[in-house]
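So the chains spell out like this:
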Amino acid sequence: MERVIVTESLTKIYKSGKRRTEAVRDLSLEIKRGEVFGFIGPNGAGKSTTIKMLLSILYPTSGKAWVFGVDVRSPDARKRVGYLPENPRFYDYLSGEEFLRFAGMLAGLSGSRLEKKVESLLKYVGIYDARKRKLRKYSKGMIQRIGLAQALMGDPDLIILDEPTSGLDPLGRKLTLDLIRSLRSRGKTVFFSTHILKDVEEVADRVGILFKGRLLKVFSLDEERQRENDYQIEIENAGIDLFIAAEKLAELTKKDEKRVTFLVREDNLFEFLEAVRGKGGRIITLTRKKRNLEEIFLETIGEG
Amino acid sequence: MRKEGKILLILLCLFLITLSKPGLLLEKERAYQLKTRLLPRVDMIELLADGYKEAVADYFWMRVTLYYGDENWRKRADDEDWGYLLKLTDLVARLNPYFFMPYYFAGVVFPWESNYKKEVIPILERGMKYLPDEWRIPFLIGFIYFYFLDSKKRAAYYIQLASEKKDSPEYLIKLAARLYYEAGEEESALLFLEQMERSTSEPELKKEIKRRIKVLKDILFLKGAVQKYVETTGKEPEDLEDLVRTGIIKEVPREPYGGRYYYDRKDKRVKTSSELGKRRKEK
Amino acid sequence: MRSIIAIFGGTLKEGVRSKLFWGILVFALLLFLSTMVVSELSFAEKEKIIADLGLSLISAFGLIAAVILGTDLIYRDIQNGTIQIILARPVKRWKYVAGKYLGLMAIIGVNLLLLSLMLLFVLLIYVGKPCIYLLRSLYTIFLELSLIASIGVFFSTFSTSQLLSSLVTLGLFIIGHSLDILRMSAGKSGKFLGFLLKSLAVIFPDLDFYDIKIKVIHGLPLESSYYSEILLYTLGYVIFILFLASLIMERREFR
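Chains as they are written, first to last, in our numbering: chain A, 1 to 304; chain B, 1 to 283; chain C, 1 to 255.
If you are wondering where the hints come from, they were derived from the structure by calculation, not from laboratory data. Keep in mind that the hints are not guaranteed to be accurate.
Quick list of in silico lysine-lysine cross-link-like pairs, DSS-like style, CA-CA up to 25 Å [what the hints assert, rightly or not]: (1) C:K215 - B:K28; (2) B:K268 - B:K152; (3) B:K6 - C:K95; (4) C:K215 - B:K21; (5) C:K19 - A:K132.
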């Protein structure tokens, strides 16, 4: 499997007089082709800094990085990459159409191919009707959309998005996440950073947690959510004796007229089931409760 | 770009610049020459510079000193060049009339080094108007009249003006008087000296002035006597003793400097051999 | 190459759509009209006066445009962050500088052209004949401005204050026209200072080379080699200055 992004001990240290700030420290990461990678961390963790180093907008203090096997110091590393910065600002005086054309030319397109691409992307992000309007007059959501279009101009294989949903209304957010999903389905690789965990939960395959410049944990979302967790068991016909027996082994989470729900730890599972069977309860559902990302995140940071 | 590429680029730039520079310098020289023959429109500059007149004056003054300070220019300058320089100087003096240097420059440099002598005078006269306390300006005018334009009467007038201004050197008084005398303007000299004598408090100077007053009074007296002689005898006297002999005067007055009064038949004037103190005879 | 054209086009559009650009032109037009009034003061040679004043105005306004737009160009991209999506493309940074500069020169060129048309129009009305001969001066004015503009662009790659960059660029323009005074002062100063001043006068571009107003207005001839020489001279400096600007851009980081 091709490794789209590889970094080796990427470090960025800012020195201002006597003060020394470590923005990113020893970041080693590999992004595989076709995956959606969510890069999460609180504000100031170093996410944007890392991204900018990948794009050679910033230069690392030490360490190396490659994109599609090419050292990021060479402009060729950015050939198949599309980028949308956070809080993007573009040339106000251009119209949407002109701007996309401009981006396309920078990406190496020309002639009729360029025109076709501009038209199709304008439609794809839903800006086609506003294409002749100057960017100065666009709303934030529209800027975001034209920004996404701009990133997709050269039909890139890697799309890097820095905080793509911050400040967007639910519609804008949906559009962005749908776009990420559709990109994955077309075999593209997406690397995006955010502090909104919900976004990552919805679309990411793998996750990296960045905190104070250090990469604390990289994991596959599914796997991690399913590790070490509890079972959720719904029971009917629960009598008093069942309750007494169950309470020692599990946690009552829900109770209504007919049913009760217990949260049972893996270790206690079989004992619990025995108890239920013994006391005459009937199991309605038995599911593994998935951990959510927030828990994982806070736990990781707490350790870090 | 590789190191060699960068160095090559820098060399290329250097090459382009040094290749073209000599020809451009030549062209600039030519323009320079032209500039010295094309005069700035004074009234327009005065109008446009309004509000910044002093700064513009400074700029043009710098140009004046630039040309004058350039030995090559001085060597090759002809009448047109000097005329241009004078116009520039005049412009500076017009834009900033309270600026002393251009007047001084005009008065000191042009009459000596160029053929522009009397043209300097209007500039200096303007200077007198704006800098009324400055003795050096009328002095320069006087000098030009005296030395270059051979007009002692006017020279005397201006030296007199100069001597009346504060801080002027003492000898100006004597110089003015002598010039008047040499111009045959004894009355003017007398008036001037009497006024000076009144306004001077310094005793030594007062004595000097009194002496000159005596000489002039004597000369005027003798002048009147000669006239009478001519009227009565129909011809000019050979010698001042003739006046005594014919009884017009009692005796020839004594010359305070130890010289002798005599009648110059060529100039038809009474003069003194000491030339009003120019040459002192041993007492 | 396409990237340079793209950036060039973007810059040109920006200039032509900017209020500053049109503001300068309108203001210039007003002043041109006033030259007609001023020429009334003189009894003869109205044409020469209007031509002289007009060319001076064109130089002055062109200078303002070159300095302000030049120092603003890259500076604004950096301050706004609009430079980020360009840098994220596979575009070499020197191409960005080149594209911006060419766009700037196009703007200045358009500016000069319009100003000259205005002057020719004024002269046509007033004197009655088309004074095409003035266009010779346009060539040198344009070259001089391209030199000044390149200096402005150079400063805008790293300066954090556009005002400061503009003032310094303007200062360098004045120095460039005062090299004679510099040389004279060098002769009159001590050894060390004199050497410093003399070398400054040698290294600095001599902007007096560009001033051919007198010859143009009075219809006097210019050496035919002058036109190519002044072009080479300008190219030498501009290429070097843009090269320095590219070096700075190459080493720079952006927030």
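Which earlier hints can't be squared with this structure?
-> No numbers; nothing is violated.
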